[in-house]
Amino acid sequence: MAPKYKLTYFNARGRAELTRLMFVAAGVEYEDVRLEREEWRPLKETSPMGQLPMLEVDGQVMCQSGAIFRYAAKETGLSGSAGWEEAQVDMFVCGIEDLQTKLWEVRFERDEAKKEEKKTGLATFVPNWLANYEKLCGPDGHLVGAKLTYADLAFFNGMHDILKERADTLEKFPKLAKVVESVNENKAVAAYIAERPETFI
Amino acid sequence: MAPKYKFTYFNLRARGELSRLIFAAAGVQYEDYRIDFPQWPAFKEKTPMGQMPLLEADGKVVCQSGAIARYLARETGLGGKSSWEEAQVDMFVCGVNDLIDKLCDAHFASDEAIKEERTKALGPYVTKFLDNYEKLGGPDGHLVGTSLTYADLAFFVGMHDVLKHRADALEKFPKLAKVVERVRENKGVAAYIAERPETNI
Numbered sequence: 000m001a002p003k004y005k006l007t008y009f010n011a012r013g014r015a016e017l018t019r020l021m022f023v024a025a026g027v028e029y030e031d032v033r034l035e036r037e038e039w040r041p042l043k044e045t046s047p048m049g050q051l052p053m054l055e056v057d058g059q060v061m062c063q064s065g066a067i068f069r070y071a072a073k074e075t076g077l078s079g080s081a082g083w084e085e086a087q088v089d090m091f092v093c094g095i096e097d098l099q100t101k102l103w104e105v106r107f108e109r110d111e112a113k114k115e116e117k118k119t120g121l122a123t124f125v126p127n128w129l130a131n132y133e134k135l136c137g138p139d140g141h142l143v144g145a146k147l148t149y150a151d152l153a154f155f156n157g158m159h160d161i162l163k164e165r166a167d168t169l170e171k172f173p174k175l176a177k178v179v180e181s182v183n184e185n186k187a188v189a190a191y192i193a194e195r196p197e198t199f200i
Numbered sequence: 000m001a002p003k004y005k006f007t008y009f010n011l012r013a014r015g016e017l018s019r020l021i022f023a024a025a026g027v028q029y030e031d032y033r034i035d036f037p038q039w040p041a042f043k044e045k046t047p048m049g050q051m052p053l054l055e056a057d058g059k060v061v062c063q064s065g066a067i068a069r070y071l072a073r074e075t076g077l078g079g080k081s082s083w084e085e086a087q088v089d090m091f092v093c094g095v096n097d098l099i100d101k102l103c104d105a106h107f108a109s110d111e112a113i114k115e116e117r118t119k120a121l122g123p124y125v126t127k128f129l130d131n132y133e134k135l136g137g138p139d140g141h142l143v144g145t146s147l148t149y150a151d152l153a154f155f156v157g158m159h160d161v162l163k164h165r166a167d168a169l170e171k172f173p174k175l176a177k178v179v180e181r182v183r184e185n186k187g188v189a190a191y192i193a194e195r196p197e198t199n200i
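Respectively, the protein sequence lines represent chains P and C.
Read in order, the letters of the first sequence correspond to residues 0 to 200 in numbering that gives the first Met the number 0.
Read in order, the letters of the second sequence correspond to residues 0 to 200 in numbering that gives the first Met the number 0.
No lab work stands behind these hints, which were simulated from the structure alone.
All C-beta atoms, glycine included, are put in the ideal place defined by N, C-alpha and C.
Take the hints with a grain of salt, since some may be wrong.
Stated by the list, open to error - Beta-carbon label-pair distances, calculated as ranges:
1) W103/P / K59/C: 28 to 36 Å
2) S46/P / E30/C: 36 to 44 Å
3) K5/P / K134/C: 16 to 24 Å
4) E38/P / S82/C: 28 to 36 Å
5) R36/P / D35/C: 41 to 49 Å
Just chain P, with the same shape it has in the complex (with noise of 0.2 Å):
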């Protein structure tokens, strides 16, 4: 029988949503648990290390969002094949995690002259990732190897607020375009798409 998977974590992306789509992309079903700040608060304590999102399968709780996101990938089938493609895969999904990293730090930076300062790094950080994994990206649609895996899910996730500032950011990424519109191709995530709600990050 399927495990049953519940996914808490607040209303947001950030840290779940790569999760949340591998599901939605592999037709799995499970739980998607989203909390108000004061709903959090009193499970905090009885939490494994005091963080969301965690992860529940049949009754067992696990959390770090890492960890939560590659046991999904596994339990999908989107992990890439084992041993040196997963790999791959892995360090492609760890670069975009350094880029999310980045984009939130500006995001979440109230000192406005700070902002100033990391918003003009953003500039000159984001091409030059783009540039680069357009070098190493493959050529059908895929960061790795020639079906979905998790890195791209993790590409158009990552790529979600960059685009929407400017929607012809990868213009000059022919290949790295070619992964969006793969994963936008996939109608189950598509659906989700639309439906799920629009939150600041």
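Please arrange chain C on chain P, whose structure you already have, making use of the hints.
Below, chain C alone, put in the same frame as chain P:
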């Protein structure tokens, strides 16, 4: 036939040591290539993402410290014995990486005031981390399961500077002290530790 591995990083523990310990614990041969800072700018151009560490296996290259460690853990059987165990091991390693990030953030801060602030915050952070891990860790000298996994090695790596600073840091955490003991008892690890260069971080 076993692949020819070459692991490239700075002459530091930081984001390279976990992979080196996996090789050591599993008794797997590899070339431990350490780059000096002056060599780095020229070398950087030739890397996939302009970063280290790198793992080369029979001429193929992968980067991102987490992806490398996870690949090596799977290849050497140190990743956990089932999917769920693997996820738990991953979770513990993620938590240790958070700790190492905080230690590095404090160590490498260039602004004196920021450095002092971050170093001060380390005390309570480390205590909370250890409280948590003692609660979650297994009773047999292994964070997960009944034999060595790279979660134990990661914990050992994370604790190195904490224990150097205070040798009795694990006095109140008997299960965690046992984990460190088991790692030190591993012949491959003990031999490697005895020979490795002393580094600041």
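So, going through the hints one by one against the coordinates:
1. W103/P / K59/C: 28 to 36 Å: For K59/C against W103/P, whose Cβ atoms are near 32 Å apart, the range 28 to 36 Å holds.
2. S46/P / E30/C: 36 to 44 Å: holds (42 Å)
3. K5/P / K134/C: 16 to 24 Å: Cβ of K5/P to Cβ of K134/C: about 22 Å, so the range 16 to 24 Å holds.
4. E38/P / S82/C: 28 to 36 Å: Once the Cβ atoms are compared, 30 Å apart, the range 28 to 36 Å for S82/C and E38/P holds.
5. R36/P / D35/C: 41 to 49 Å: Holds - the Cβ-Cβ distance for R36/P and D35/C, about 48 Å, lies within 41 to 49 Å.
Checked against the numbered hints given earlier, the structure satisfies every one of them.
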